[in-house]
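Colleague: Given the structure of chain F, go ahead and fit chain A onto it with the hints provided.
2 protein chains.
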Amino acid sequence: MYKVKVGKKILSANEEFAVKNRKLLAKHKKLCINVISSPGSGKTTILSRTINELKGKLRIGVIEGDVQTDIDAQKIRATGAPAVQINTESACHLSAAQVSNALKDLPIGDLDLIFIENVGNLVCPSAFELGENAKIVVLSTAEGDDKPAKYPVIFAKSKALLINKTDLLKAGVLEDFNIKRVKSDSRKLNKDIAIFEISAKNGEGMSNWYDWLVNLVGSIKS
Amino acid sequence: MYKVKVGKKILSANEEFAVKNRKLLAKHKKLCINVISSPGSGKTTILSRTINELKGKLRIGVIEGDVQTDIDAQKIRATGAPAVQINTESACHLSAAQVSNALKDLPIGDLDLIFIENVGNLVCPSAFELGENAKIVVLSTAEGDDKPAKYPVIFAKSKALLINKTDLLKAGVLEDFNIKRVKSDSRKLNKDIAIFEISAKNGEGMSNWYDWLVNLVGSIKS
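Chains F and A supply the protein sequences, listed in that same order.
Note that the working numbering has the first sequence beginning at 2, numbered continuously upward.
Note that the working numbering has the second sequence beginning at 2, numbered continuously upward.
FYI, nobody ran anything at the bench for these hints, they're computed from the structure.
Predicted model, so just to flag it, every value in this text is computed and none were measured.
One or more of the hints may lead you astray.
Just so you know, same-sequence chains aren't split out, so a pair can sit in one copy or run between any two.
Claimed, not checked - Below, simulated EDC-like cross-link-like pairs (lysine to aspartate or glutamate); rule was C-alpha separation at most 20 Å, straight line:
id, residue 1, residue 2
1, K158, E54
2, K136, E17
3, K158, E205
4, K136, D186
5, K160, E198
6, K24, E205
7, K105, D177
8, K76, E176
9, K136, D177
10, K158, E90
11, K181, D193
12, K105, D168
If we strip away everything but chain F, and leave its shape as in the complex, we get (with noise of 0.2 Å):
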């Protein structure tokens, strides 16, 4: 007679990948953030901006997912920080594997922080789990104001909402971007987000995500 064990959940290869990554970063104590967003909403500048401007404070290291080039991991390593590039060809998102294998390459141990920079696309990602801490989407306010209402999952998904380009709100070139529906349609999906209204290009705004993210570096550490 065989037995037929039930109850042990049957894991995706990218599961699999992603709880090896969630293993890793649990042993190092090491909070790792992935940035979903669309293509052009700024990822690239808040990360540069914020391995700057928390200089001394938190250590950081990048992964970069992108379809094509290494545009991105060089303005990242232009600040000193680490960053490995991860070219996905035609794939649409980062995988939990191609994740681990970049771990290998930065020095974790070093590291406070954590952050990989999905490819940017604002569906697909966010049904990708990576062994991250959190996801954290990014909305450029040239984007328009509905996008939580048409593409819910990922604001339903992530523990923060970063509003980047709020100098195009002050600038008065944005007449219809409506910042309130963002805000209540966010929460209505999700009524835990934490939102920052951000300009990563003048700095407006950052200091309260930073607080937030070295809050959270803490929380992983005690």
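Modeller: Chain A in isolation, oriented as in the chain F frame:
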């Protein structure tokens, strides 16, 4: 003895529907354009303005693809044009089968041109033929000038590139955007691509795009 036919291409389910759509459109001599871009590049605003300003010259219908909501179809219908909304739920691109169904709900015989506004995504929609005559790609200036290099496939496959939101360039709020780089990188990928610099918000540059469309409709009918 069995004979094995070789040389017959086995089509995927998506390709079968794409062929079906292509035959239907050819039978009716209708132009169909698949519009692809990141979220928030201004696709719906471009289509609404185009429909309004070409009234009396071209009769236009729209198939709207979105993950969620019928916000875009409502905007198109406000112009008086027929629009069919497809909600892909979690899917990151339109399929030819979805378009086949939507075509049944459009008054094809009464139209000259059908736009398919794909899900906002610069990666996945470029891999799925819908039976269209041409793809076009929209890039908003706010997304940055590195997008043809970072997301080359759709720029290589498109018959035209619309560089939208030139009003932001003229307002002087996007100092880093090099339009020459966008054009040169796009032409490296696709030497024949037609490029239009437009502002769907204030109408600047739209007339060249309209002339191109009217000519293309004419070439299908003749």
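Colleague: Now tell me, hint by hint, if it's right for this structure.
Modeller: Status of each hint after checking the structure:
no.	hint	result
1	K158 <-> E54	neither (27 Å within a copy, 41 Å between copies)
2	K136 <-> E17	within (18 Å within a copy, 38 Å between copies)
3	K158 <-> E205	neither (26 Å within a copy, 39 Å between copies)
4	K136 <-> D186	within (18 Å within a copy, 32 Å between copies)
5	K160 <-> E198	within (15 Å within a copy, 38 Å between copies)
6	K24 <-> E205	neither (36 Å within a copy, 54 Å between copies)
7	K105 <-> D177	neither (45 Å within a copy, 34 Å between copies)
8	K76 <-> E176	between (32 Å within a copy, 17 Å between copies)
9	K136 <-> D177	neither (28 Å within a copy, 28 Å between copies)
10	K158 <-> E90	between (26 Å within a copy, 16 Å between copies)
11	K181 <-> D193	within (16 Å within a copy, 43 Å between copies)
12	K105 <-> D168	neither (38 Å within a copy, 45 Å between copies)
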